[in-house]
Structures are given as structure tokens and as C-alpha cells.
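There are 2 protein chains.
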Amino acid sequence: MAVLKLTNRPHIISSATVVGNHEHEGPLKDYFDMYDKSNEFGQNTWEKAESEMNKNALRLCVEKIGLKYHDIDLLFGGDLLNQCCGTTFGVKDSNISFYGIYGACSTFTLGLSLSAMCVNAGYYKRCASTASSHFCTSERQFRTPVEYGGQRSPTSQWTVTGSGCVILENDKDKNGVYVNEVMAGKIVDLGINDVNNMGAAMAPAAHDTLKNYFLESGNKPSDFDIIATGDLGYEGYQILKDMMKKDDIILGDNYTDCGLLIYNRERQDMHAGGSGCGCSAVVTCGYFFDLFKQNKIKDMLIISTGALLSSTSTMQGLTIPGIAHLVRLTKD
Amino acid sequence: MAVLKLTNRPHIISSATVVGNHEHEGPLKDYFDMYDKSNEFGQNTWEKAESEMNKNALRLCVEKIGLKYHDIDLLFGGDLLNQCCGTTFGVKDSNISFYGIYGACSTFTLGLSLSAMCVNAGYYKRCASTASSHFCTSERQFRTPVEYGGQRSPTSQWTVTGSGCVILENDKDKNGVYVNEVMAGKIVDLGINDVNNMGAAMAPAAHDTLKNYFLESGNKPSDFDIIATGDLGYEGYQILKDMMKKDDIILGDNYTDCGLLIYNRERQDMHAGGSGCGCSAVVTCGYFFDLFKQNKIKDMLIISTGALLSSTSTMQGLTIPGIAHLVRLTKD
Numbered sequence: 001m002a003v004l005k006l007t008n009r010p011h012i013i014s015s016a017t018v019v020g021n022h023e024h025e026g027p028l029k030d031y032f033d034m035y036d037k038s039n040e041f042g043q044n045t046w047e048k049a050e051s052e053m054n055k056n057a058l059r060l061c062v063e064k065i066g067l068k069y070h071d072i073d074l075l076f077g078g079d080l081l082n083q084c085c086g087t088t089f090g091v092k093d094s095n096i097s098f099y100g101i102y103g104a105c106s107t108f109t110l111g112l113s114l115s116a117m118c119v120n121a122g123y124y125k126r127c128a129s130t131a132s133s134h135f136c137t138s139e140r141q142f143r144t145p146v147e148y149g150g151q152r153s154p155t156s157q158w159t160v161t162g163s164g165c166v167i168l169e170n171d172k173d174k175n176g177v178y179v180n181e182v183m184a185g186k187i188v189d190l191g192i193n194d195v196n197n198m199g200a201a202m203a204p205a206a207h208d209t210l211k212n213y214f215l216e217s218g219n220k221p222s223d224f225d226i227i228a229t230g231d232l233g234y235e236g237y238q239i240l241k242d243m244m245k246k247d248d249i250i251l252g253d254n255y256t257d258c259g260l261l262i263y264n265r266e267r268q269d270m271h272a273g274g275s276g277c278g279c280s281a282v283v284t285c286g287y288f289f290d291l292f293k294q295n296k297i298k299d300m301l302i303i304s305t306g307a308l309l310s311s312t313s314t315m316q317g318l319t320i321p322g323i324a325h326l327v328r329l330t331k332d
Numbered sequence: 001m002a003v004l005k006l007t008n009r010p011h012i013i014s015s016a017t018v019v020g021n022h023e024h025e026g027p028l029k030d031y032f033d034m035y036d037k038s039n040e041f042g043q044n045t046w047e048k049a050e051s052e053m054n055k056n057a058l059r060l061c062v063e064k065i066g067l068k069y070h071d072i073d074l075l076f077g078g079d080l081l082n083q084c085c086g087t088t089f090g091v092k093d094s095n096i097s098f099y100g101i102y103g104a105c106s107t108f109t110l111g112l113s114l115s116a117m118c119v120n121a122g123y124y125k126r127c128a129s130t131a132s133s134h135f136c137t138s139e140r141q142f143r144t145p146v147e148y149g150g151q152r153s154p155t156s157q158w159t160v161t162g163s164g165c166v167i168l169e170n171d172k173d174k175n176g177v178y179v180n181e182v183m184a185g186k187i188v189d190l191g192i193n194d195v196n197n198m199g200a201a202m203a204p205a206a207h208d209t210l211k212n213y214f215l216e217s218g219n220k221p222s223d224f225d226i227i228a229t230g231d232l233g234y235e236g237y238q239i240l241k242d243m244m245k246k247d248d249i250i251l252g253d254n255y256t257d258c259g260l261l262i263y264n265r266e267r268q269d270m271h272a273g274g275s276g277c278g279c280s281a282v283v284t285c286g287y288f289f290d291l292f293k294q295n296k297i298k299d300m301l302i303i304s305t306g307a308l309l310s311s312t313s314t315m316q317g318l319t320i321p322g323i324a325h326l327v328r329l330t331k332d
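If you read the sequences in order, they're chains S and F.
If you read the first sequence in the working numbering, its first letter stands for residue 1, the second for the next number, and so on.
If you read the second sequence in the working numbering, its first letter stands for residue 1, the second for the next number, and so on.
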């Protein structure tokens with residue numbers, strides 16, 4: 001494991017977010033670019049709706065800064081759907097060279113890391129990355145179709161309906177938010193097999209990545225304005241704090257989780273909080289980048305967290321391995 | 001789209017292959033490191049068998065050159081299974097930092113490209129990449145379980161049971177095979193929707209990548225000892241030749257397809273040839289690298305081809321987009 005310092009400061013020159021109804025009704029609603037109350041985005045299946053979100057997130061991200069698709073040299077993207085079809089069918093007509101990625105809910109920082117690494121090395125002028133999830137596609141694929149009205153357990157999380165997109169450019173003279181460091185996570189499997197408690201399955205991976213980051217970098221939690229995990233939710237958030245504490249690393253008030261920020265626990269009945277590839281994607285692309293813009297924060301860690309299971313692996317009695325990829329975002 | 005020249009010559013320092021019964025009975029049998037006639041690899045489900053292949057390919061690849069897992073800085077990997085579980089459960093105990101990728105059957109050159117790019121940039125000393133597929137997991141997931149004994153159409157291909165792994169290192173002083181150039185493909189969708197004819201769905205993507213490669217690089221087909229597509233099979237092989245001919249690019253006797261090489265059409269009843277992430281992975285890691293070693297070839301293009309569909313996208317009436325990623329392999 002190694003912290004990779006990107007010395008050429010790959011800048012985030014644009015970001016865009018598309019969300020569904022509950023995200024639009026949540027505390028971060030003002031930070032998102034586009035929403036559809038029906039969660040359908042004009043499509044006749046939930047899967048096509050997810051693709052439509054990706055299409056719009058990419059389109060908005062490019063248009064916002066007056067670019068065209070052909071100005072983007074390489075696109076990374078992935079989602080939770082089988083064979084990542086939410087991304088494929090969303091981005092295919094853009095005609096941008098494409099590398100598909102899969103990191104479950106850690107996809108956002110995985111794509112952000114690879115984009116930053118490519119731009120930092122001077123391989124390409126501009127790279128983009130998308131990540132998405134949709135509550136209804138996830139419920140159907142991993143649990144039961146929403147139309148069945150299945151009961152949810154208190155530890156279960158709510159998959160965010162959302163897509164986030166970023167564009168990075170290598171321009172040392174630019175000011176703004178850049179990817180300062182990245183760190184690829186390891187697959188960590190402590191034997192959790194409760195598919196209704198993803199927070200517990202992913203927290204050990206976040207612990208492994210964060211602990212090693214502080215160890216290798218020499219930085220400490222208080223050096224950052226925000227340390228945010230991707231989608232540990234209420235369960236995983238507390239587990240991670242407890243695990244870090246055992247290593248004498250205290251995560252203070254600057255530690256949060258995107259899954260806690262996106263919904264209002266009192267007003268919205270989302271059980272243990274948000275999850276999904278879209279969770280850390282839209283919270284970072286919408287909310288955190290805005291905090292940077294307003295100079296409210298200057299330096300943060302975002303650690304998207306993924307649960308690497310499938311319904312087949314669960315039915316075959318396997319555990320739920322987790323993974324967590326870290327990105328340090330800094331403002332010039 | 002852009003041809004990326006890797007000037008620091010990221011060398012392939014090790015490769016390993018694990019295959020199933022039919023691959024072991026095919027014309028390339030002597031080039032593979034490990035096989036299991038039962039295709040089960042000691043496991044009680046086909047999915048676990050696929051993971052076991054990945055585990056062994058990675059283990060052999062590392063052991064062959066006297067390394068340990070902790071000598072590998074970053075691992076890329078992916079497969080065809082939902083949520084890439086064939087890879088996750090195969091590599092998780094290695095404790096190597098891991099970035100998951102998804103490119104359907106183009107996964108091998110996708111992982112090889114990213115590994116080479118990381119090593120070339122000096123980000124990591126050694127990167128590895130795995131890709132796998134298993135006939136029985138693919139049949140069950142995309143078509144019907146093999147135990148049902150379904151009939152196959154003449155244009156259908158046989159998913160290769162196999163896993164290939166490579167390790168790359170940045171060492172300019174080394175001799176051997178290195179990744180000279182990489183080119184990320186675009187998603188190409190000409191509206192093919194016959195799930196029993198993947199060759200036709202993927203050939204347009206191979207055409208797009210190859211045509212643009214020759215255009216941008218200034219190279220011509222006769223400059224290479226071998227030009228090999230991943231798994232177009234008999235159908236796609238001919239379609240690609242025809243499409244290239246319309247652009248006045250003649251693919252001659254040096255053009256082949258991994259899906260044609262891996263089985264004997266007369267002796268083995270594999271219909272239109274091999275396919276799957278494992279196809280280009282084991283043919284390249286086994287056969288092509290051996291040709292390099294024996295100095296029979298010095299310069300080749302490998303273009304793994306992927307069909308970006310899922311059974312859900314097909315059931316919802318969507319087409320089959322294709323993608324093809326190119327890697328130029330050269331010997332010092």
C-alpha cells in the first residue's frame with residue numbers, strides 16, 4: 001500500500017450532479033444540478049433511468065465549462081448494475097474513449113484517482129469520471145423489486161439515486177481544487193455476512209485504508225477540514241470511529257460520512273443512511289466542491305467505501321469483502 | 001482518441017495462465033501453466049471455481065519470479081460475473097491494493113494498459129493485472145445453466161474457462177517484452193441485438209480502434225508480426241477484415257483472433273470459436289509471450305474486444321454496444 005502524491009496538481013475543472021426525489025428533498029438539495037421527482041428521467045425502466053442520469057451528469061459537466069465531448073480524452077465510469085450497464089448505455093453516445101471500472105460504492109474515488117493519475121502523468125489533457133446508483137435498480141437487483149413493498153431492517157441503508165461527474169485537467173497555473181494524493185485500498189474481509197448491514201461490512205476496509213494513510217503520510221486527522229467516508233451510514237460510521245480509536249487515532253468533529261449528510265434522519269425515513277456509488281459522488285461533486293468554492297474548506301480526505309458482493313455470492317454463503325479508496329482534495 | 005506511447009518501457013516480468021478442460025485439449029495446451037480437467041478447481045460452485053482460477057493465476061505469476069504478494073504495489077482485475085465477484089473472491093486474500101475494472105471481454109488489455117500506465121509513470125514499482133472467465137458461470141448468468149443442455153446457434157462462441165495474470169515492472173535496463181503503446185477504445189453501437197452473435201456486436205468496436213490506431217500512429221498492418229483481436233471468433237474475424245478493407249486497410253496473414261487460436265475447429269465443437277475475458281488473457285499470457293521468448297515475434301498488437309451487455313439490458317430490448325482496447329507489445 002502506498003500513498004501516491006500527485007505533484008502536478010491535476011485540477012478538477014468541472015463537476016455535475018443529477019439526483020432523484022429523496023436526494024432533492026434532503027438537506028443538500030440546493031447543491032445538485034438536476035433532479036426528477038419521479039426518479040424516472042423520462043425512461044420506461046429503472047435501469048434506463050440510471051443510464052439517463054449518467055448521460056445528463058456527463059453532459060452538464062462538459063457543458064458547464066463550454067467544452068464538447070471531443071474535448072475529453074478519456075472517461076472512466078462505473079456503477080452497481082450487472083456488467084455496469086447503467087454507465088455503458090448512459091455514456092456510449094458521447095463517443096469518448098472509455099475505461100470501465102468496478103468498485104461497488106467505492107467507484108467514485110476509484111475513477112477520480114485514475115483520472116487524476118492519468119492527467120498528472122501528462123498522458124491526457126482532460127479526463128472525466130462518472131459514478132451512479134439508483135434506488136430502484138439496486139433494490140431489484142440485490143434485494144426485491146420496490147413494487148413488492150418488502151420490509152427493511154433498521155441497519156439497512158438507502159441506495160442514493162444519483163450520478164456525479166468530474167472533469168480533471170493538468171494545469172499548474174490554475175487555482176482551485178486539485179487531487180493532491182490518492183491511495184488504493186485493499187480488499188478487507190472480516191467475515192461479515194449480513195447483507196442488511198453494509199456499514200459493518202465496509203467499515204473494516206475504511207479503517208485499513210485510513211489507518212495506513214495516517215501511518216504512511218505522517219498526517220493526522222486534525223490536519224484536515226473534513227474527513228468523509230463514502231457510505232458507511234450510522235452503523236459503519238460508529239464502527240469506524242471505534243476501530244480507529246483502538247489504534248489511538250481519534251476521528252473528531254471533522255469526520256463525517258456522505259451517507260449521513262444526504263438525508264435528514266428525522267424527517268426522512270432512510271434507516272441507517274445513504275449508500276451506493278452515487279452517494280459519495282453527488283455529495284462530493286455537489287456539496288464538498290461548493291464548500292471549497294466558498295473557501296469554507298481547504299483540505300479534505302474523501303474515502304469512498306464499497307461492498308464487493310453479488311446476490312450470487314451471498315446465495316452461495318460467501319462473506320461480504322469491503323474496499324475503500326482514498327483521495328486527498330486540496331485547494332490552491 | 002489517442003495513441004499513448006509509453007516511453008519508459010514498462011516490462012512484463014511475469015505471466016501465468018490457468019485453464020479448463022477444453023482449453024487444455026486445444027492446440028495451445030502446452031502453453032498453459034495449470035489446468036483442471038473437471039473445470040471445478042476443487043470448489044463446489046462454478047463461481048468459486050472461477051475465483052480459484054484467479055487465485056492460482058496470481059499466485060503462480062508472483063511465485064514464478066520469486067516474489068511475494070507484498071512485492072506487488074497495485075493489482076487490477078475484472079471478469080464477467082455480476083459485480084466482478086470472480087475476481088474479488090479470488091484475489092482478496094493476497095492483500096494487494098486493488099483497483100477493480102470492467103470491460104467485459106476487453107478486460108485483459110484494459111488492465112494491462114492501466115498497469116503499464118501506472119508503472120511507466122513511476123507511480124508504482126510493480127503492478128499486476130488479472131482477467132478471467134468460466135464457461136459454466138457465463139452460461140448460467142447470460143444464457144441457461146449448462147445442466148439444462150440448451151442448444152447453441154452456429155454463430156455462438158464458447159466462453160473460455162481460463163484466467164491470465166501479468167506483472168509489469170518499470171526497468172529500462174531489462175530486456176524482454178514491454179508495453180510500447182496503449183489506446184483506449186470507444187463504445188461503438190451499430191445496433192446489433194443478437195446475443196448469439198457477439199462477434200458481429202464487437203467487430204465494429206475493433207474496427208474503430210484499429211482504424212484510428214493506424215491513422216494516428218502512421219503504422220500499417222504489415223509493420224507487425226501479429227495483429228490479434230481478443231474474441232471476435234469466426235464471424236467477427238471476417239466482419240472486421242471486411243470493414244477494414246472498405247477503409248483500404250488490408251489485414252493480411254499476420255491478422256488472427258485469440259478465439260480462433262484456442263480451440264481446434266475440426267476436432268472440438270466450439271461453433272464460432274472462443275470468447276470471454278479469459279480468451280485473450282490466456283492466449284496472450286501463454287502463447288504470444290512464448291513466441292516473444294523464442295524470438296519468433298518482436299512486435300505485435302493485441303486488441304481485446306468486449307460486448308457491453310447484461311441479461312437485463314437484453315431483456316429490456318437494448319442493443320449490444322462493443323468496445324476494444326489496444327496494446328502494442330514490443331521486444332527489446
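Simulated from the structure, these hints should not be mistaken for lab results.
Keep in mind it's a predicted model, so treat the numbers as computed, not measured.
There's no promise every hint is true.
In the EDC-like style, the derived pairs of lysine to aspartate or glutamate whose C-alpha atoms are separated by at most 20 Å in a straight line are [to be verified]:
#1 F:K125 <-> F:D173
#2 F:K125 <-> S:E181
#3 S:K125 <-> F:E216
#4 S:K211 <-> S:D194
#5 S:K5 <-> F:D73
#6 S:K125 <-> S:E181
#7 F:K293 <-> F:D30
#8 S:K64 <-> S:D93
#9 S:K293 <-> S:D189
#10 S:K172 <-> S:D73
#11 S:K296 <-> S:D248
#12 F:K331 <-> F:E181
#13 S:K5 <-> S:D253
#14 F:K211 <-> S:D223
#15 S:K211 <-> F:D332
#16 F:K298 <-> F:D242
#17 S:K245 <-> S:D223
#18 S:K211 <-> S:D223
#19 F:K293 <-> F:D332
#20 F:K211 <-> F:D299
#21 S:K246 <-> S:E181
#22 F:K125 <-> S:E216
#23 S:K211 <-> F:D73
#24 F:K293 <-> F:D73
#25 S:K298 <-> S:D332
#26 F:K298 <-> F:D194
#27 S:K125 <-> F:E181
#28 F:K211 <-> S:D332
#29 F:K5 <-> S:E216
#30 F:K5 <-> F:D248
What the simulated footprint calls covered on chain F by chain S, stretch by stretch (three residues with Cβ under 8 Å from a Cβ of chain S suffice, anywhere in the stretch; the number is not a length) [stated by the list, open to error]:
#31 28-42
#32 71-83
#33 284-298
#34 306-313
#35 316-324
Pulled a few chain F residues facing chain S out of the computed Cβ check, cut under 7 Å [as the list claims (entries may be wrong)]:
#36 L4
#37 T7
#38 N8
#39 S97
#40 F98
All C-beta atoms in this analysis are idealised placements derived from N, C-alpha and C, irrespective of residue type, glycine included.
Among the hints numbered above, which are violated by the structure, and what are their numbers in rising order?
-> Of the numbered hints given earlier, those the structure breaks are 4, 9, 11, 13, 14, 15, 16, 21, 24, 26, 28, 29, 30, 31, 33, 37, 38, listed in rising order.
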